[in-house]
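Can you build the whole structure from these sequences, using the hints too?
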Amino acid sequence: MQLTPSERAVLAGETASKGTRMAMEIVTGAARILGAKALVPVTSSHIDGCLYHGDSGVLYCEQLAEAGARVSIPSTTNVGALNLLKPDQVRVPADRRHMAFRLMEAHSRMGCRPSWTCAPYQAGARPAMGDQIAWGESNAVAFANTVLGARTNRYGDFLDIACAITGRAPLYGLHKTEARQGQLIIDVSSLDTNLRCEDAFYPVLGALIGRLSGESVPVIVGLENSNPREDQLKALCAGAASTGAAALIHIIGVTPEAPNLNALESIKEKIIVTSGMITKTRDSLSLAKGEVIDSIALGSPHFSVDECRAVRRLLKGRRSKIPIFICTGRHVMDVLAQDNSDASLASHGIEFVVDTCVVVTPILPEGGSVMMTNSAKFAHYSKGNTGHDPVFGSLGECIESALAGRLVRDAALWR
Amino acid sequence: MEITADALIGGTASGTVLRLDAPISFWGGVDPETSAICLAGHPQEGARLAGTILVIENLIGSSSSSAVMLELLYRGIGPAALILGGRDAILPIGALVAAQMDWKACPVLVLENPPFQTGEKLQINDANITRLEPDATPPQS
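For the record, the sequence lines run as chains A and B. Taking the working numbering, the leading residue of the first sequence gets 3, the next gets one more, and so forth. Taking the working numbering, the leading residue of the second sequence gets 11, the next gets one more, and so forth.
Fair warning: there could be bad hints in the mix.
Residues from chain A that face chain B, not an exhaustive set, calculated with beta carbons under 8 Å [what the hints assert, rightly or not]: (1) Met-24; (2) Glu-27; (3) Ile-28; (4) Leu-53; (5) Gly-59; (6) Leu-61; (7) Gly-158; (8) Phe-160; (9) Ser-288; (10) Leu-289; (11) Tyr-383.
Lysine to aspartate or glutamate pairs mimicking EDC-like chemistry, simulated, CA-CA at most 16 Å apart [claimed, not checked]: (12) A:Lys-385 / A:Asp-296; (13) B:Lys-131 / B:Glu-12; (14) A:Lys-20 / A:Glu-64; (15) A:Lys-385 / B:Asp-41; (16) A:Lys-270 / A:Asp-189; (17) A:Lys-385 / B:Glu-55.
Keep in mind that the hints were calculated from the coordinates and are not lab data. Every residue gets a Cβ at the ideal spot worked out from N, C-alpha and C, and that includes glycine.
Here it is in structure tokens:
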């Protein structure tokens, strides 16, 4: 591997703290594992490693911080295991709570911006087209590559903070132009035109893309006239990154690096998506059968201001019969507070979950067993992480179900 | 019979193969306190990774899986070795960090289309994988 003199000096412990040297060992170790020939300078990082998974990660990050490691580039933090603004919301024993807090604290100590959100790209972290970055959190990685045209692989725990400290990442995969070419056409142009504009279509299409793509970079054809909004693309990326390895999705006419239609002839593999495939994927996101719904979980990825306002519109002043959790970040709460939307939503039964989310830490009601969500990511991870069976539905179906206290479907939605 | 793989992280190990028949993300798919596979509907749901030679052809999902890997090693319930179907850093990083912290790491190998099936006994020495007879006692390392 070709290291620069300054990178070698860090590894030799000549020019940096011991913590920085530990981080450089992880980055170069990962580069060796991945077969990278060099490191690439990166300009921002999003740190996934602040979510408590056990004492080991806390001990490691504290050791880094103790040994003088500090981030050298702008670095945002992903969700932690606690709502720091409302500590009682999360049901964890005191010892785990303390360790989860220590982990978040260690990241602040290393100089990360305490954003505590899985949607950093809606909290001010907007790398530009072509920027080399080192991001963790699979949905954020997919969004940064797909929608922003920045360049990152999926950086997991420890490698993300190591890249942030060293300002380097292994030069491989999606950092390189050749790995960003489309390899598989997924054609949705035979689907109903109106369906292709529905919010609920995007997480489902994402889940399908994740399952179909494998290791290939997919190219989506047929959304050229749908003008998907950022929140729809966010839901698509999160779905694809949950059910599969997708970290970059080209969408013709929509995403910045997508090839034009004429360039598609060189791609041999093509899948035509039928309405049956969409229905089957949608149904696969619901494990519970029947009408019982115990809670509604929204905000994976973290809800935007627009999405929170959509909930307010759909409630039409009515009050929910079951808990509705909206997971979001402080960047959204600050905006909602400006016109008292936060208080208004809370008075209609919304419980905000900030700095964390309901599938990474125990928040969903004890005794409940079914959660309804409009997120493919929540639906994918709910059973394994919370024990709750998911029911997938549109945001409208979620809100109407919350108001009725049982499952309500909109028959007109899926054509 | 000896097969040569790529050793991402060297070391010796022996044990019984647990082969995952569907892709998995360790985050959300493996319980870090018990090492059991907890993803609903996964073909190996309920199986424990501790002490196995874990064969994974395809990895998916969250970038938090390194942390689950590290936690398994910290608790002493990690796999004895990992054989991956392709180069991937997420799980090996957990093993790299474990080594930095002086916790017991595990060897990680890469082999395209790994032929090993659940129940087979293997001995691993860095890049070399030896199939042991079903009733053979693994050699002491």
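Identify every previously stated hint that the structure contradicts and give their numbers, smallest first.
Hint check: 9 fails alone, others pass.
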